[in-house]
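**Student:** Here the protein sequences come in this chain order: A and B.
For the record, in the first sequence the residue sitting at position 271 is 271 according to the working numbering, with numbers rising by one throughout.
For the record, in the second sequence the residue sitting at position 36 is 36 according to the working numbering, with numbers rising by one throughout.
By construction, these hints were calculated from the structure, which means they are not laboratory data.
Each hint should be verified, as a subset may be incorrect.
Part of the chain B face toward chain A, derived, beta carbon under 8 Å [claimed, not checked]:
#1 TYR15
#2 VAL25
#3 VAL28
#4 THR96
#5 LEU99
Model, not experiment: these values are computed from the prediction.
Glycine residues also receive a C-beta, built at the ideal position from the N, C-alpha and C atoms.
Protein chains: 2
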Amino acid sequence: MILTITPNPALDVTYHLPRAQWGEVNRVETVSETAGGKGVNVARVLHRLGEAVACTGFLGGDTGDRLRALLSDVDQRWVLIPSPTRRTTAVVDADTTTLFNEPGPAVSESAWERLCALTADAVGDGDVVTVSGSMPPGTGDEALASVVGAARRRGARIVVDTSGPHLLAAARAGATLLKPNHHELRAATGCDDLAAGAQRLLDEGAAGVVVSRAEAGMIALVADSGRPQRTWQARPVELVHGNPTGAGDAAVAALARALHRNERPLPDILAEQLADAVALSAAAVARPVAGEVDLDMYARTRASVVASPGLDQH
Amino acid sequence: MILTITPNPALDVTYHLPRAQWGEVNRVETVSETAGGKGVNVARVLHRLGEAVACTGFLGGDTGDRLRALLSDVDQRWVLIPSPTRRTTAVVDADTTTLFNEPGPAVSESAWERLCALTADAVGDGDVVTVSGSMPPGTGDEALASVVGAARRRGARIVVDTSGPHLLAAARAGATLLKPNHHELRAATGCDDLAAGAQRLLDEGAAGVVVSRAEAGMIALVADSGRPQRTWQARPVELVHGNPTGAGDAAVAALARALHRNERPLPDILAEQLADAVALSAAAVARPVAGEVDLDMYARTRASVVASPGLDQH
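Looking at chain A on its own, in the form it has when it is part of the complex (with noise of 0.2 Å):
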C-alpha cells in the first residue's frame, strides 16, 4: 500500500466573489471547503487511480473534524492532536487567486513518535511512503528523518516533497526520492543551477532526485555510486491552462505509485516513469480543484510527453 503523510494538513477554505477589491470590504459570494494539505491531494490523486492508499499526518479540532468528513472517502488513520488543524483561506474573484496559509499548530515529539510507530505498522516490504508539504511550526530535522528512517527499516520506499532544511534533512535520512520545484531546490540548497543543487541533495544521501519546473517539466538525476551519474528529461508538448497548485502533488502521486508497482532499481523506474509524473501533473493543473486530476487530459498528455536520457542546461 501507499501511506501519505501530511504533517501539516488544512482546511481548505475558498471565498469566490466577482471582483475582489484590496484595501476595501469585500462580500463573499459563496464558501467552499475542501480537505486540504499536499499529502492529503497526493492520497485524494492515489485513491481517483484506484490505487490502495491510506493518509495520516497530524489532525485536531473541529477544522480536523471537518477535515476527516470532507475526507470521507480515503482511508483515514491520523495521529490526533490537541491544537485544532490550521485553515488557507483562497480569495477567486474573476481575475486571480490569492492564497492565505495560516501555520497550523505545533506538534509535540510524543506526536511524532506515534506518527513514527504508526507509520512502522502500517507498511512493510514493497510498500511507499510519501511525506509531502509544510512542517508544523518548530518542527526540528530529526522529526523527518525519524519517519523516514522508520519506513526504511520496514523496507518501504519513501518519496518526500517538502523545502528548506526539511529537504536536505530527508536527503540525509536516505529519502529514496525527494520532489522539490525548481524554486525549493534552489532557495534549499543556494544553487542556481538545478542539476548542481539536485546533485547536492544525492550526495546528501538521497537516492534520487525529481525536479518540478512547471510548464518546462521534470529532471531527475540518480546517485550512481562512482559512475558518471544518471538523468532524465520530461516535458509536455502541450501547454495547460488551470490551477498549478496540486501539480506538484500529482506528480508525487504518479511517482509513488511507480516504485509501489515495481521492485526494479530507481533507474529504470524513472526512465520509464518520468514521463508518466508530467502528464499527471498536467492533468491536475486542467482541474480548478488541487487534488483532482483530469482522466482524459491525462491520458492524451500521456501519449505526447517527450521524455529523454540526459539534461539540458538549466
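Starting from the known structure of chain A, fit chain B onto it as the hints suggest.
**Tutor:** Relative to chain A, chain B alone:
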C-alpha cells in the same frame, strides 16, 4: 436594560502578515479572533461604559460556540440555530486592511418568532433595544418589523442601524431612531441630499434619524407632527486617525444609553446627546479593534465637539 440584537453576527478572524501580495500565496504570521457583528460591538461598548446590557441574535455551530466564549464577560441570550455562524476574515498588513465578509446562514421563521418572544420577555418600559448590521440571507421586511413591534408593545425604545430595504422596513415599523451612515441612507432612499433622505425615513414612520458622516460628524432629524421638522448637527474638532470600523456601533451605543437614561422627549435627548454620540464614535476610531473605545480620547473629544441646531447643506 439595553438589549442589543445582532441578526447576523460573525466570528471575526484577522490574518496579520508583514506584506500581503494580491494574486500570490501568502504566509499568515499570526491569526487572531474576536466576537463580531455590529450589535456585538454595541454591547461591548455599553459593557465597557458600565451599562446594564444583554446581547442576542442568532448563533450556531462551532463558530457560534467560539464567539460565545470570546464574549464571556457580556450577558448573552442568543437564539440558537442549526447552521454555523459566519466568519469574517480581515487581512491586515503594514499598508492596508482588506475585509472579506461571509454571507452567514439563513434563519427560519420560527427562529425569528423565538427572537421576538425573547425580546418581549427581556424588555419593558424605559428599556432600549438596538438592532444592528446586516440581516441573514433571505430575510423579508416582516421579520425586522415584528421585532421592532414586539419591543414597542413592551414600551421599549428601538434604535436600528441597518441598510437597504430593511432600513425602510424599520421606519415603517415605527423605530424610535434609525442610524444609517450617509452611504447607506443614499442607497436606501435614493435621495442624494441627506436631509431629504432622512425626511423620507421620517415620512415612512421613524420618530428620529441620525445620519453618521464619518469625520464630518452627524446630523439628526426628528419628526415634529406638522410643525417645521427639527434638526441638529455635531462634528468633532479634532480629526482622529485609526480604524473606522465600529465607529457607527459606538454611536448607536451612545444613543441607546441616552434613550435609556432619560424618559424625556426625543428632541430634547438628541439636542443634548448628539455630541456625545460623535465623541464616542471618535473614541472608537482611536482603537484598532471594533467594539472598543478609548475612554481618554472620549473625555477629550466630548468637550470639543461642536453641536448646534439646524443643518448646513449636505
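**Student:** Now, for every hint given, state plainly whether the structure supports it.
**Tutor:** Here is what the structure says about each hint:
1. TYR15: 5 Å, holds
2. VAL25: At 4 Å from the nearest chain A Cβ, VAL25 of chain B passes the 8 Å test, so the hint holds.
3. VAL28: OK, holds: VAL28 of chain B within 8 Å of chain A, min 5 Å.
4. THR96: For THR96 of chain B, the interface hint holds, since the closest Cβ of chain A sits about 4 Å away, which is under 8 Å.
5. LEU99: 4 Å, holds
Consistency note: the structure conflicts with none of the earlier hints.
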